[in-house]
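Peer 1: Residue numbers (this note's numbering), protein chains in the order written: chain Z, 1 to 284; chain E, 1 to 284.
In case anyone wonders, no lab produced these hints; they're calculated from the structure.
Treat the hints loosely; a few may be bogus.
It does not matter which identical chain is used: a pair holds within one copy or between any two.
Lysine-lysine pairs mimicking DSSO-like chemistry, simulated, CA-CA at most 30 Å apart [stated by the list, open to error]: (1) Lys279 <-> Lys21; (2) Lys78 <-> Lys103; (3) Lys3 <-> Lys21; (4) Lys81 <-> Lys98; (5) Lys119 <-> Lys98; (6) Lys23 <-> Lys3; (7) Lys238 <-> Lys132; (8) Lys255 <-> Lys203; (9) Lys24 <-> Lys53; (10) Lys53 <-> Lys23; (11) Lys98 <-> Lys279; (12) Lys46 <-> Lys280; (13) Lys132 <-> Lys81; (14) Lys21 <-> Lys53; (15) Lys280 <-> Lys21; (16) Lys238 <-> Lys98; (17) Lys21 <-> Lys35; (18) Lys98 <-> Lys46; (19) Lys53 <-> Lys3; (20) Lys146 <-> Lys81; (21) Lys119 <-> Lys53; (22) Lys249 <-> Lys280; (23) Lys46 <-> Lys21; (24) Lys148 <-> Lys81.
Just so it is clear, the structure is predicted and the values come from calculations on it, not from any experiment.
The chain contents come next:
There are 2 protein chains.
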Amino acid sequence: MLKDGWFYERSFHETFSMGWKVKKVLHSEQSKYQKIDVLETDAVGKLLLLDGKTMVSNLDEFVYHEVMAHIPYAVSRKCEKVLIIGGGDGGVVREFAKHESIKQIDLVEIDERVIEVSKEFFPECTSALNDKRVNILAQDGFAFIKSKKNEYDIIIIDSTDPEDFASGLFTSEFYTDVYNALTDEGIMMNQTENPFLDEWDIKSIYTNMRSSFPFVQSFTAPMSIYPGVFWTFGFSSKKYMGTNINPEKRYEMQKIERDLKWYNLDWHRGAFLISNFHKKKIGL
Amino acid sequence: MLKDGWFYERSFHETFSMGWKVKKVLHSEQSKYQKIDVLETDAVGKLLLLDGKTMVSNLDEFVYHEVMAHIPYAVSRKCEKVLIIGGGDGGVVREFAKHESIKQIDLVEIDERVIEVSKEFFPECTSALNDKRVNILAQDGFAFIKSKKNEYDIIIIDSTDPEDFASGLFTSEFYTDVYNALTDEGIMMNQTENPFLDEWDIKSIYTNMRSSFPFVQSFTAPMSIYPGVFWTFGFSSKKYMGTNINPEKRYEMQKIERDLKWYNLDWHRGAFLISNFHKKKIGL
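Taking the hints into account, I'd like the entire structure generated from these sequences.
Peer 2: Below, the structure written as structure tokens:
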């Protein structure tokens, strides 16, 4: 896995790579679903890999986790029940758990070993998994979502790249299932890859999202450990635009953002004001 | 320079690297000031290196060049005379030259060979260097700026990292010289590195800028070929905030942005709405 003490992740088409100097391999195992490694690095602290792909690091985990939770929460008019598909590191759960009005957080993670390894090496991410509002379900998200109708106010797709068992999470069929599992006020969030490398055809991902949701927007936040760093995220909703922050939540968000590492309401509004390049890539 | 057909650039402290698969080395020379290489890559097309550091690529040169030129132009009330220090690739000149009201563009590039190599391998960047408003001056920017008083409406510091002969371009002394070389309406733009790696102490760069300018702001745009990608830029001005777009220029900018690859007025406004992380890094 290491070359001269460095770990390198190559992009899907093997034209670009990012690498980190490794102090120590803290953990390696083959779970039922994937290889799980934890590295100690100089640049990003502890780094979680699934099948040799970077997933979570100490340096920047807060970006993804805050963005995924607080953007839809700030927009939502009603937010009592949240579903997270994937996300076994617990970071998104931790951020949602900061909102007292949320009554139930279901985490559907196919690989229980990701949760256990995260508890051991990323305790700051898993800190809310014992919250009494949290249910951990070791199931396939694709199958789970089909059984749900009009149930969740927010659904987060915290997935890996669209290959192998995660590829189903980028299809129109899946997005329609998510739409149906959402309440009338529902919002879906998902990660939609890097548009410069654009190895997964972002336009087709957004076409699939648009075929299921009336409001589909894209915003950007940096993921320092993912190939290409400049990361796009999807905001899909039944009723609201991503910049339509619930006026009744403004005070709560202003209060909470003081203790957040990335998110604030101004940044939230600005993140949706995207470049010509970004618009073109998602087919606008 | 290559390892198994790949070029790798390591971050300053050698804890992180980015690499590109190389099809061909198109050019290599040692100029009076630095090593200049041009590579043909799969991921980013042609890639210009100075002393083994990535400078310009076909994939994303428009981001840096459009941002550096159109943000200050859109804000400026008077913009007749522009100075660019560094930037021998010509990309920033090309973007300023799109504005007919600009009467003079001075490009101070210490290394004439960068200009010549760019003309050969990046003709789309150098396309405006023959514009009759453009003066190319092969001089040291640090010395040049000291001789100028109340002369330029916009000054762009298109520099490499703060080491070797570029380190002077990040000091309070230099920023004060830039301030003095600017007219009363003046704006300075500079690149201020990646805040996640933060290998150059961004806070001290901004402290230096604030010691010379009353208005100092930071915004972000992705530079896919620079270490860490998530890039910060400084906007320093004598009178105006970076989001204070000149109402008289709105129509011109709306017209021009249709043909730009990155910049648009909405993105301009959003780019200054920065995260808590970014604020903290620059000392806010």
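Peer 1: Are any of the numbered hints broken by this structure? If so, which, sorted upward?
Peer 2: No numbers; nothing is violated.
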